[in-house]
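Protein sequence lines, in the order shown, are assigned to chains A, B and C.
First residue of the first sequence? That's 2 in the numbering used here, and the numbers climb one at a time after it.
First residue of the second sequence? That's 2 in the numbering used here, and the numbers climb one at a time after it.
First residue of the third sequence? That's 2 in the numbering used here, and the numbers climb one at a time after it.
Any given hint could be a false lead.
Note that identical chains are pooled: a pair holds if it fits in a single copy or bridges any two copies.
[As the list claims (entries may be wrong)] Distance condition first, Cα-Cα at most 20 Å in a straight line; then the derived SDA-like pairs of lysine to any residue: (1) Lys36 with Ser201; (2) Lys47 with Arg322; (3) Lys112 with Leu48; (4) Lys47 with His277; (5) Lys47 with Pro34; (6) Lys47 with Ala187; (7) Lys336 with Arg326; (8) Lys36 with Arg330; (9) Lys316 with Val285; (10) Lys47 with Leu82; (11) Lys316 with Phe327; (12) Lys112 with Ile101; (13) Lys47 with Gly128; (14) Lys316 with Glu328; (15) Lys316 with Arg326; (16) Lys47 with Ser259; (17) Lys36 with Leu48; (18) Lys36 with Asp223; (19) Lys316 with Gly294; (20) Lys36 with Ile301; (21) Lys316 with Asp54; (22) Lys112 with Val166.
These aren't lab readings, by the way, just hints derived from the structure by calculation.
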Amino acid sequence: MPTFTLDELAQRFGLPSRGDAATAVSGVCSLSPGKPGRLSFLSNPKLRDELADSAAAIVIVAPRHADAVRGAALIADDPYLAYARIARLFDPEREFAAGIDPGAFVADDAKVGEGSHVGAGAVIESGARIGAGAYIGPGCTIGRDAVIGDGAWFAARVTVAARVVVGLRCRVQAGAVLGSRGFGNARGPNGWEEVPQLGSLTIGDDVEIGANTCIDRGAIDDTVIGNGVRLDNLIQIAHNVQIGEHTAIAACTGIAGSTRIGRRCMIGGAVGIAGHIEIADDVVLLGRAMVTGSIARRGIYGSGLPLDDAREWRKTVARVRRLGRFEARLQQLEKHLRLSAGSQDDDHSDII
Amino acid sequence: MPTFTLDELAQRFGLPSRGDAATAVSGVCSLSPGKPGRLSFLSNPKLRDELADSAAAIVIVAPRHADAVRGAALIADDPYLAYARIARLFDPEREFAAGIDPGAFVADDAKVGEGSHVGAGAVIESGARIGAGAYIGPGCTIGRDAVIGDGAWFAARVTVAARVVVGLRCRVQAGAVLGSRGFGNARGPNGWEEVPQLGSLTIGDDVEIGANTCIDRGAIDDTVIGNGVRLDNLIQIAHNVQIGEHTAIAACTGIAGSTRIGRRCMIGGAVGIAGHIEIADDVVLLGRAMVTGSIARRGIYGSGLPLDDAREWRKTVARVRRLGRFEARLQQLEKHLRLSAGSQDDDHSDII
Amino acid sequence: MPTFTLDELAQRFGLPSRGDAATAVSGVCSLSPGKPGRLSFLSNPKLRDELADSAAAIVIVAPRHADAVRGAALIADDPYLAYARIARLFDPEREFAAGIDPGAFVADDAKVGEGSHVGAGAVIESGARIGAGAYIGPGCTIGRDAVIGDGAWFAARVTVAARVVVGLRCRVQAGAVLGSRGFGNARGPNGWEEVPQLGSLTIGDDVEIGANTCIDRGAIDDTVIGNGVRLDNLIQIAHNVQIGEHTAIAACTGIAGSTRIGRRCMIGGAVGIAGHIEIADDVVLLGRAMVTGSIARRGIYGSGLPLDDAREWRKTVARVRRLGRFEARLQQLEKHLRLSAGSQDDDHSDII
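Model the full assembly from the supplied sequences, consistent with the hints where possible.
Right, dumping it as structure tokens:
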């Protein structure tokens, strides 16, 4: 592991520091209990009390917490962001040897840019182009005429289908599938008939895609993932979906076909989003939200009945199912007391 | 791209046409805005107004919309189905060179049929048989004694486990796993013990299976997927499940063990289906449905509380949780007014 | 298939038997209808009547059902567990030839233990160590300095990232990803910035991991999977999660970051568990449960509104949404009758 002193880090990242300039760190640690010779950070003010007992050699803190640090401190307006940047110094994943592994299968007319690595068992098909400084891990398959931008980092066993275009500096985790056939089927006289998926998939710059996530190619036009989008693991993005720049989506979420998601949205885990709808910029969807229609305004949205003891839960479900009877009984009481001459609530059963 | 004239398409597909017989198309486009030299279709009557402005060279329409087409038209009773068939002419995925890539690993006693392709990095294990005219993409692994029918198209990195049988003309997207071990565990004195999964998986003809979808092999008898079934991406099908012919299932749906699904069902995305139940033919399950018991009759079914503003949602959840108190208050009122001598609603808490 | 007699099985597994000692079986079958020359079991007492008609040659039963067996019987206190153990005799997956396939790519300084198999197309990177008697199937990728314990069985196309440690006798199904980068992102001035994930993943002994399941590596400390854990297919386990020993989790479940799950929990399919919470030992979560907070006590928990006819479902959703109005009407009645002087129920909208 490389080692850096407080002084080196302060200068390299332009941060004020406190404490012994020679304090050295060779890795990171949690704030509590912390480890000697390691770097940590305080981002959540609720954990401020942990500063006093942390064994971390250097802690990155906001200015108002600098006094509470026991050892050495780096002072940053956004300690988590500063941590993210400094911690990269200790990330062994960032290093790889340039060159095509003898066990890789690269088509004669495929191109691999300068300084790039192609791992053993990887397959680069005819006409594909890999940019410079890219890491294509073992077992990846890059389809015909696909384009992968400079600085890509594909963990292992990533599949990029034919003609897909991936921007600069994209990081893709193992098992992801980029550009699979969209789920397009037409009813024929003898069953489903396949609708060719002739669009492609376009992925912007600085996109991250998680393990075993799937993004389908478009039916006619392309599926489009904007710059800076963050996709976690096991996400499904159907054909023709468009995702705006810097939107982040947590694991296990599915987005049905032709839906358009705005910019800077934050979408929780296991959210289900219907097809052919539009979601505005800056929308926050809480985990497990069920989205059946468009969302026109920024805001925070959720759905679902959270957990309960199973016995209580079953009672609740039974009560919900007899809400119609509740309502009738309530109306009868009102009628009896002549309290309500108004019209009965209608069912609004067209809302879904 | 190949090019076809209106006249050629009309003859080839047996469709009436209108307009200049020499109108040529070399690809497809969306109806709006459309593209010159491309083919489109009108399937949804609500989009009829787009016909007037579409730049598409040829549009496939139903007879009653033929007059509204600006350029050339092909006339079909089911324009989407006609489009599906014609668009295949422009699908570059359909072409591949026969032969076993030198980078493929094919066991000496495995068989690969005439006209089939096996991609680089693919592994065909001992005793496996691949039919004629099949495309086995790069990085696929076909287990011992597995059988893949004629005309298969396996995108890349598809895994077929030992002894699995796949019918004719099946299309499988990247990362799918066919015949993984079912989740069978018995409690032993020191923790879970594995229950061997000695059944296999049988897949019919003309089945489509999406990216990273998993289908487990049976515990004793086989898991069975009927002819013409359509499975989207990231679907889980547990051991011993049976899926009837021509049923279509959207992405992220999970089906627990030993459940039997009927024929021609339409199952939405992210549906969860419990184990050991039966679902009748022609059942439609809306997206995110939670299915805890058998469904005996065809029909449309759904579940769940759709999205709301998070503040409203939390209020709704709190109200649902005090439904028991609502009910008690209602009953007290009724008692007070001597309106109800009837029995109190019981909890029906056995419904789940 | 190997063949065993009743007498051989009785002696080998220390079980009492009834019937002709020479009765031979060469495989397993379902109890109903059963197959001649095969072994079955009765675990669910409700199926006792099937014993009379079963064609199975030998049935494993509890002592109290021994009289009802038509043919030969093996008698065990836990027939399912006894079946699990005996059935392994017929599992062809358990046999493999030791040796490194010539089509495997094993780094010069990687180590593969005695009696282990490495399949074609598998990649073992620098510094990785595979234990003895392990099966590493075709297309697996084992990252730098990863450690895989003795007796591992990795089906095919399993990815183990750098530095991950996997215990003894772990079984991993195809497509699983162990040690992918956690989903850590910090907001920067120009969009998300990556937070390096410098922890690793530690997996105990005797763990089973399903097809296409993903387990992320930790951000700072390790993600930890305890001994004897059972994970089904398509599960997502985020960074820093800890799962206690012998917990079993069904398919499609997702667990967000830093959550700690107790020992011996049983977690159903498609459950969603929020991040940064704790779940006690011996908790049972029913399928599709939505867990938004910690669970301090063992017990059975569920959530969600199960299926209904779509028309009824829409009415129910509408009624739930006007619960606030119900409540107001109820209160007005009470006020009118001076029944309730108590305070109005508040919204408890802080529960989620």
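How the hints compare with the structure:
1. Only between protomers do Lys36 and Ser201 lie at most 20 Å apart by alpha-carbon distance; the minimum there is 17 Å, versus 49 Å within a single protomer.
2. Taking the shortest alpha-carbon separations for Lys47 and Arg322, neither the intra-copy value of 42 Å nor the inter-copy value of 31 Å comes in at or below 20 Å.
3. For the identical chains of this complex, Lys112 and Leu48 are neighbours neither inside a copy (50 Å) nor across copies (43 Å), given an alpha-carbon limit of 20 Å.
4. Taking the shortest Cα distances, Lys47 and His277 sit within 20 Å of each other only across copies (14 Å), while inside one copy they are farther apart (42 Å).
5. In this homomeric assembly, Lys47 and Pro34 come within 20 Å of each other (Cα to Cα) only inside a single copy, at 15 Å, whereas the closest approach across copies is 54 Å.
6. In this assembly of identical chains, Lys47 and Ala187 lie within 20 Å of each other by CA distance solely across copies; the values are 19 Å between and 56 Å within a copy.
7. Within a single copy, Lys336 and Arg326 get their C-alpha atoms as close as 15 Å, and across copies as close as 16 Å, so both meet the 20 Å cut-off.
8. Taking the closest pair of Cα atoms, Lys36 and Arg330 never come within 20 Å of each other, the shortest separation being 65 Å inside a single copy and 58 Å across copies.
9. Taking identical chains as interchangeable, the C-alpha atoms of Lys316 and Val285 lie at most 20 Å apart only when they sit on different chains, with a minimum of 18 Å there against 31 Å within one chain.
10. For the homomeric pair Lys47 and Leu82, the shortest alpha-carbon distance inside one copy (18 Å) is at most 20 Å, but the shortest distance between copies (49 Å) is not.
11. In the homo-oligomer, the alpha carbons of Lys316 and Phe327 lie at most 20 Å apart both inside one protomer (15 Å) and across protomers (13 Å), since each shortest distance falls under that limit.
12. For the homomeric pair Lys112 and Ile101, the shortest alpha-carbon distance inside one copy (11 Å) is at most 20 Å, but the shortest distance between copies (23 Å) is not.
13. For the homomeric pair Lys47 and Gly128, neither the shortest alpha-carbon distance inside one copy (54 Å) nor that between copies (41 Å) is at most 20 Å.
14. Within a single copy, Lys316 and Glu328 get their C-alpha atoms as close as 18 Å, and across copies as close as 12 Å, so both meet the 20 Å cut-off.
15. In this assembly of identical chains, the alpha carbons of Lys316 and Arg326 lie at most 20 Å apart whether taken from the same copy (15 Å) or from different copies (12 Å).
16. Only between protomers do Lys47 and Ser259 lie at most 20 Å apart by alpha-carbon distance; the minimum there is 17 Å, versus 42 Å within a single protomer.
17. In this homomeric assembly, Lys36 and Leu48 come within 20 Å of each other (Cα to Cα) only inside a single copy, at 17 Å, whereas the closest approach across copies is 59 Å.
18. Within a single copy, Lys36 and Asp223 get their C-alpha atoms only as close as 49 Å, which misses the 20 Å cut-off; across copies the closest is 15 Å, which meets it.
19. Only between protomers do Lys316 and Gly294 lie at most 20 Å apart by alpha-carbon distance; the minimum there is 17 Å, versus 29 Å within a single protomer.
20. In this assembly of identical chains, the alpha carbons of Lys36 and Ile301 never lie at most 20 Å apart, being 38 Å within a copy and 39 Å across copies at closest.
21. With identical chains, the CA atoms of Lys316 and Asp54 are never at most 20 Å apart, being 48 Å at best within one copy and 41 Å at best between copies.
22. In this assembly of identical chains, the alpha carbons of Lys112 and Val166 lie at most 20 Å apart only when taken from the same copy (14 Å versus 36 Å across copies).
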